[in-house]
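S.K.: So the sequence lines, in the order shown, correspond to chains A and B. Mapped onto the numbering used here, the consecutive letters of the first sequence carry residue numbers 1 to 517. Mapped onto the numbering used here, the consecutive letters of the second sequence carry residue numbers 1 to 335.
These are computed hints drawn from the structure, not numbers from a lab. Among the hints, a few may not be true.
[To be verified] Stretch-level coverage of chain B by chain A, calculated; a stretch enters the list once three of its residues show a Cβ under 8 Å from a Cβ in chain A:
| no. | segment |
| --- | --- |
| 1 | 175-189 |
| 2 | 215-222 |
| 3 | 229-240 |
| 4 | 264-272 |
[Claimed, not checked] Below, a sample of chain B positions facing chain A; criterion: calculated Cβ distance under 10 Å:
| no. | residue |
| --- | --- |
| 5 | Arg59 |
| 6 | Leu225 |
| 7 | Ser244 |
| 8 | Phe245 |
Given the structure is predicted, the values throughout are model-derived calculations rather than measurements. Ideal Cβ placement from N, Cα and C applies to all residues, glycine included.
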Amino acid sequence: MGVCTGPGTPPPPGAGSPCWADSDCPATAPVCGANPGGSNNLHRNIIFRTASVPKLPVSTVETPTGCGTGSDCEAYQGPNGNFPPGAFSTANGVALGSPQIMLKTLSEQCNAGNNCEFLSIPHNSNVSGGAMFLAPESPEDARVRNELERLVEIFQIKGGSECRFSAQHPGLWGTFDELCAFENVSFAKLGGPFIPDPDATDIPPNSFVRNALKSGLQYEQKQGINPFQLGFVGGTDNHNGTPSDTDAAQYAKTGAHGDLSFAESGAALNETFFLGLEANGGGLTGVWAEENTRDAIFAALKRRETFATSSTRPVVRLFGGFQLPANMCKQGDFAAQGYANGVSMGGTLTGAGARTAPRFAVAAMMDPGWPGHPGTPLQRIQIVKGWVDKNGESHEAVYDVAGGANNATVDLASCKARGPGHADLCAVWSDPAFDREERAFYYARVLENPSCRWNQYYCNARGVDCRKPPKTKGDQPRYTEWEYQQCCGSAVPKTVQQRAWTSPIWYTPNHQQVSRQ
Amino acid sequence: MWGWLRSPAVHFLIIGGLLFVGFDLVPDLHRQTTGRMMERAPVILSSARVRELRSEFVRRWGSKPTPQQWRAAIQQAVDDEILYREARLLSLERDDHSIRRRLVQKMRALSMDPKAGEEDLYREARRLELDDDLVIRRILREKMRILLQQDPNGVQIDTRQVEDYIERHRQQFAVPARVTFSHVFFSASAQGGTPIQKAKTALTRLRSRSILPELSEELSEPFLLGHRMRGWTPSQVARRFGESFAEAVFALPPAAWYGPIASSYGLHLVWVHDKATEALPPLETIRERAVRALQEERSAMNFARGLQRLRALYEIRIEDGESYRSALATPEKGS
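Go ahead and model the full structure; you've got the sequences and the hints to work with.
M.R.: In structure tokens, the structure reads:
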């Protein structure tokens, strides 16, 4: 949007320039983006603890997080000249991409009232053009983020933000984890163009949460504070006022952004439309709270005792600790043992007892579904580990800890699950490669067996038969050429493995002194 | 508490409401305005527009409209036009910040003069009649809708009406039933023996030894959500354990072991501690909600009535050949 007259210049290559305001805007005219927060999508969800809130919302005009309305951007190389080309700052030299001014302003206004407390949740970082997780400008910036941004949205209708993998470009986004090829969208930015077969210059690696968690550890190793200590939530962002309406079988009917035109099959099945074929029904957040009250839920969010799902309703719980009993899965009091002998998900283990590797206990239950719509059994639980070595290099590893790869499938015509699976899974696992000197994080990922992606439900409902193009002889098919082409093509998969992610548990070595190189 | 009084929206509503009441209470003025000052041009849906509506419908819903759907689509198009025109008659576009901002933005794109001030741009845009576009039309229709929703006689709601509303919408206000139960669980995926045998053996033991729930956990296999569910509603139980499980548990008499009952996870022996049936909460606790809902109901009625009256002020022509008469269910002009 915005009023641009210059010729369209593609955004400059290079990770994380926060000011590609609009693909139609020349890169030299960042002010032309009129989208609040910039079209790099540096949007945050702000959640307040009580009804006590600032009198007015904090404006993106006064506290920009990206180039856009109100922010006069200037080219910016960063404090140490290390920012990517195309990075911008406000006229007074604050990097755009940082929520620091917004968070500080909100804190001041919030503190002016009584009993006001909030959390800021970055969301949809996969379309942030890499700007969501730029390295902080200063340890102070990092401290503000660590304090106020404790969660990140890891999944929503416009794709997953955990990680990205493509068989055409293995390893390009910092991972060889093939299960990261899940709800990756081919858009680098909100409102940006569709990019066929994007690479890491199109969609920067630091758009993704797992990489941000790793760079958070790297920053902490140097500066003593982790700017990206983020637990996980999932959301819809569908703007329909229908929270938790994430069912794949319903998505094509309910759509997103209250946009009735979505119901036009042309839009829903169009992979180049940002709410089209590559979008999905959205995710959910689970919290482990003492009771179902706003205060208890806020407290759980704040301590990151949360998990996210990619739409379905499995339940998962993770504890970590040096003293966790090895037989926790056999005992009835999983949670009591976890709290008594370790930390819950979202917490931090310190090296005080690090003579041996810490144990991680994880338990999950499948989504039971509802009459006529059974849930999908679980396939496996994985632990994803990220760490930083003594040289400051980051690494990651993924371990299957319960269940495992199987030959379960789904019948495309009926969308019924077939083959083996688990109603529940539980494991106590200890890290075989633990090094007490290395900062690390561990989170659990629970995979369901394959199920139909929403487009398959849609195509089935339209009666599309991939063996019968609409123009073949016989009675006239109910579907159009376009529907046939999109339903039977390979722009997106027909099945997915829905999943859940627990917030990470961090491990910090005992010595807290900052090592500066 | 009275902060809302300062809200411009409230001022808008009050002033709008007064204007509206004014029009209604002064019959002469009303006659005068409709008769002389406000001669209304007919609303015409040209055949081109009708074709467009039809193809829009097909594109959006993937099939041709049924006669009923088609009537509704035509009616919608006519009503949209009427609401827009009435809003213009009342000059609702005046001093509207959203409309002003849009016009300034549009004019800035067209203007040759990069230094032109906002006021000049606004005036120029109005002179060029840039103020008829989809967005402005939507804003004006919405303002007109809000005006029509107001009750010309003011809002009076008494307790009897509130109680009546609650009775008519009992499901919205009732507090759902709740159950607190303990269970002994046998996993479907556990190894060693089928769960049904284990469950039956355990049930016999629980009953014959009169084992209370507090001491039953050691007979159970681990269950991630624990062994006692406190105050769960039917839908909570159904979402996690399944519909048939929920029905069974809510039907159990308290203080005894029953089962096994199947869920998605395996088999459960259940002891119900406590049940509460669905009930309406005390009126004071839901009055505010009910009043708001009742007001909304009345607003919808006011709007429908107001719109009906406005339709009667217009000659409506639909150039759709055959379907002209059947297209609109509204009374003939002037009724």
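S.K.: Please go over all the hints and tell whether each is borne out by the structure.
M.R.: Against the structure, the hints:
no.: 1; hint: 175-189; verdict: holds (count 3)
no.: 2; hint: 215-222; verdict: holds (count 5)
no.: 3; hint: 229-240; verdict: holds (count 3)
no.: 4; hint: 264-272; verdict: holds (count 3)
no.: 5; hint: Arg59; verdict: 5 Å, holds
no.: 6; hint: Leu225; verdict: 7 Å, holds
no.: 7; hint: Ser244; verdict: 8 Å, holds
no.: 8; hint: Phe245; verdict: 9 Å, holds
Consistency note: the structure conflicts with none of the earlier hints.
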